[in-house]
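**Q** Chains as they are written, first to last, in the numbering used here: chain A, 1 to 314; chain B, 1 to 452.
It is possible that some hints are incorrect.
Here are the simulated DMTMM-like pairs of lysine to aspartate or glutamate, each with C-alpha atoms no more than 20 Å apart in a straight line [to be verified]: (1) 191(B) with 150(B); (2) 253(B) with 310(B); (3) 272(B) with 310(B); (4) 191(B) with 136(A); (5) 302(B) with 273(B); (6) 75(B) with 310(B); (7) 272(B) with 305(B); (8) 253(B) with 136(A); (9) 35(B) with 353(B); (10) 272(B) with 136(A); (11) 328(B) with 305(B); (12) 443(B) with 73(A).
Output of the computed footprint for chain B on chain A, the stretches with three or more beta carbons under 8 Å from beta carbons of chain B [stated by the list, open to error]: (13) 134-141; (14) 279-289.
It should be emphasised that the hints constitute simulated quantities derived from the structure, not laboratory data.
Glycine residues also receive a C-beta, built at the ideal position from the N, C-alpha and C atoms.
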Amino acid sequence: MQRMIARRRERGWFRDTLPFWLILPTIIVLLAVQVYPAIYTVWLSLHERVPTGWNWVGINNFTRLFNMGLFNESMGHTLIFLVGYAGLTMILGFFIAQLLNRRLRLSGFYITLLFIPWIIADIIVGIVFRLLVVPDYGLFSGILQNATLLGPNGISVLTTSRPPALFGAFPFPPAPAMIYLILASAWRALPFITLLMLAAMQTVPNEIIESARIDGASGAQITRRIMIPIMLPTMVVALFSLTLSGMNGVGMVFSLTGGGPGTATEVLSYLLYSIGWRQLNFGRAAALAMLIAVVNWLLISGTLRLTRVQERSI
Amino acid sequence: MKRLWTLAPLLLVAAFVLAACATPAAPPAEAPAVKDFVTWYQYDQDNVDPASDERVGNEYLRQTMPLFNTAFAGKWNWVNQPKAFDKMAAEIVAAVQAGGDVPDLFEMGSGDLNQYYQNGTMQNLRGWAEQQSWWKDLDPSAVAACTGPDGGLYCVPLSSRPHLVYVWADRFPNGYPRTPEAFMAEAERLKGEGLYAITFFGSTAFDGEGTSRAIWTTVASFGGSFDDGQGRMKLDTPENIAAISFLREIVAKGYAPEIAFAGGFQEEEAFKDASAGSFPTGLFGYRYVNPLVAPDGTAYSKGNEQDMLDAIAAGDVILSSFIAAPGKQPGCGIEVNGMAMPVGAKNPDAAYDYINWLMTPEQNGVFVLGPGGGFPALLTTAQTDAFQTPFYKEAAKALSQSQCRSWYGTLNRVKEAQSLIMKTVYRLIKEDPSLDIATELQKAQNEYNAGS
Chain A
1 MQRMIARRRE RGWFRDTLPF WLILPTIIVL LAVQVYPAIY TVWLSLHERV
51 PTGWNWVGIN NFTRLFNMGL FNESMGHTLI FLVGYAGLTM ILGFFIAQLL
101 NRRLRLSGFY ITLLFIPWII ADIIVGIVFR LLVVPDYGLF SGILQNATLL
151 GPNGISVLTT SRPPALFGAF PFPPAPAMIY LILASAWRAL PFITLLMLAA
201 MQTVPNEIIE SARIDGASGA QITRRIMIPI MLPTMVVALF SLTLSGMNGV
251 GMVFSLTGGG PGTATEVLSY LLYSIGWRQL NFGRAAALAM LIAVVNWLLI
301 SGTLRLTRVQ ERSI
Chain B
1 MKRLWTLAPL LLVAAFVLAA CATPAAPPAE APAVKDFVTW YQYDQDNVDP
51 ASDERVGNEY LRQTMPLFNT AFAGKWNWVN QPKAFDKMAA EIVAAVQAGG
101 DVPDLFEMGS GDLNQYYQNG TMQNLRGWAE QQSWWKDLDP SAVAACTGPD
151 GGLYCVPLSS RPHLVYVWAD RFPNGYPRTP EAFMAEAERL KGEGLYAITF
201 FGSTAFDGEG TSRAIWTTVA SFGGSFDDGQ GRMKLDTPEN IAAISFLREI
251 VAKGYAPEIA FAGGFQEEEA FKDASAGSFP TGLFGYRYVN PLVAPDGTAY
301 SKGNEQDMLD AIAAGDVILS SFIAAPGKQP GCGIEVNGMA MPVGAKNPDA
351 AYDYINWLMT PEQNGVFVLG PGGGFPALLT TAQTDAFQTP FYKEAAKALS
401 QSQCRSWYGT LNRVKEAQSL IMKTVYRLIK EDPSLDIATE LQKAQNEYNA
451 GS
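With the hints as extra help, turn the sequences into a complete structure.
**A** Rendered as structure tokens:
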């Protein structure tokens, strides 16, 4: 009798704790690949390397970052890049998706063609785009640097400095290299975003659009009042994806402009790469990584809030 | 029972995972005693592409690895792991700090010594090196370049790589100018012919690599420097201002091509086709700047380092010291290339054997002519016939008129300083030439010194 009671107790314990044992491997993996690096980054950001080991420096790494002239400038460049890159890609993606949604002849072929940029590594895209505009020797530099066609000196994409800033220290208008970087990045991201938009567009029931047309709605009204609200969740996902890839990606900047000319395309992710992997200052790089994480979080929560407000107003 | 069957596969998976994580069984006792000796070079012995930028080093490894393995047969097996030149420093520091796999030796330039030292990356080799037969034959300045702030020897120097100017002789029929005024006159003449007097690494690429090249050569030739001798940055000096004004004038008057500011080492293109008459860079630049077309149309088109050597032998290209301000000696940068042992190296004995092997008369010259790319650090090797070619004679003549020293002087945070200086100089000479030079230099030095 006692043995039966003990066995039941054991079974009860086993039953109660089984879910925990089943998710334990997942927890261990998450701790190892997400929580530990995050904690280590915080630890690193409060330390500085000296020949004998690590020195506690408190918030000194953050202070040094804020005192760097380049840090504030990079914030400005990042904002310009993100707005340009995400905005251009979303707008172009939406319009190309609308074209493809019209069931054109050979639309499958167009989609295949469209997907080519997405399968090329960003470093390669950067190198190819760079070779097109290398001063004096690039494929398009003859046209771009032609003084008769384009202004008094023409435009050398990789070396022309940015025009004088319009808003104090904020680096606007951007240098031609920044505009080119935005174009190249958008070119690469366009297929994925277009496909997302196309998939979302195809979920809009035809009956609703037909009814709207019968009720006299214009094309613009149908887009604004019917399609965008239905596509909104997908558009938010697309915007997240673009924001995060734009904020954290370094490959394109690395291979296309190297942060130049001067500092004209030095975005935060490139500054992080530079401090961490060129200057080997891991403490300060960790501090910058934490700041970038905060900016990422602010951007995402801001986008979410904006979307909710829009959803309510629609 | 049913639960037991559910649990059994889970236990089985757990057993497999544990087995996979377990230490592998010890090798059988009769396994060969040959141990791997691992190096990190920026060269790749498996890359046989004749157009590769690093073909000289690649070929060197292909030739010498079998020789070493034969010389140490039954003892060491040399394994080289190629690393990109601009990634190796970060990888080695990260590997040492993370306790990961590190090589037994890695190739390094003395310009990286301070940041390796700061990160506790290298072992002090002084105690061992001083006991070796070749120690007293080393050039003292090369030893100094491998010496850390604490007096430790953190690399064994193999070759010295000074900077000088490659010049198309036909572009400067009266010889390369010696003074800024003479240079400007020649540059104006060349501009009239649709040509440029000079191309140089003028961009901020590679985190300000240009600082160590033409920028330092110019500053040093005007009697300037970047430090105060006490580890603090000092940029705002009359000499530095004069040097930057000189560069600013060159750029403003169009004496340098736009490609000088494009980065990616593309400034070389203007020298390759002789549209630019001169190119201040490292002695080792001869390997990378090819193929060449001389001003008279002669093509040097092998597409390898032989092109520049042929052009020098033919007298089309001459090597020169840089222009100097009145009363100053031409300056130039210098870097020492050597081998360093990281903390945590598994096989230091093999590393010692390898260094001794590199220091033998048969191997030392081969190394310096291969990956070394400069003058031998061993004085005896420098006297051998291999270093009496037209190229080396021409280089020695040019360097005898110059005073070469490392650009960073007593600065500790070398890469940070490099980036900051190049960005400041770029802003002053290219981005906004209306800025006050002294003010901008002061700002940059204040920013650096705030972190000291």
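**Q** It remains to establish, for every hint, whether it holds in the given structure.
**A** Structure-based check of all given hints:
1. 191(B) with 150(B): violated (50 Å)
2. 253(B) with 310(B): violated (33 Å)
3. 272(B) with 310(B): holds (14 Å)
4. 191(B) with 136(A): holds (16 Å)
5. 302(B) with 273(B): Holds, at about 14 Å.
6. 75(B) with 310(B): Between residue 75(B) and residue 310(B) the Cα gap is close to 42 Å, so the pair fails against 20 Å, i.e. violated.
7. 272(B) with 305(B): Given that 20 Å is the threshold and the Cα spacing comes to 12 Å, the pair holds.
8. 253(B) with 136(A): holds (17 Å)
9. 35(B) with 353(B): Between residue 35(B) and residue 353(B) the Cα gap is close to 13 Å, so the pair holds against 20 Å.
10. 272(B) with 136(A): At roughly 13 Å apart (the allowed maximum being 20 Å), residue 136(A) and residue 272(B) satisfy the hint.
11. 328(B) with 305(B): Violated, because 33 Å separates the two Cα atoms, which is more than 20 Å.
12. 443(B) with 73(A): holds (15 Å)
13. 134-141: holds (count 4)
14. 279-289: holds (count 4)
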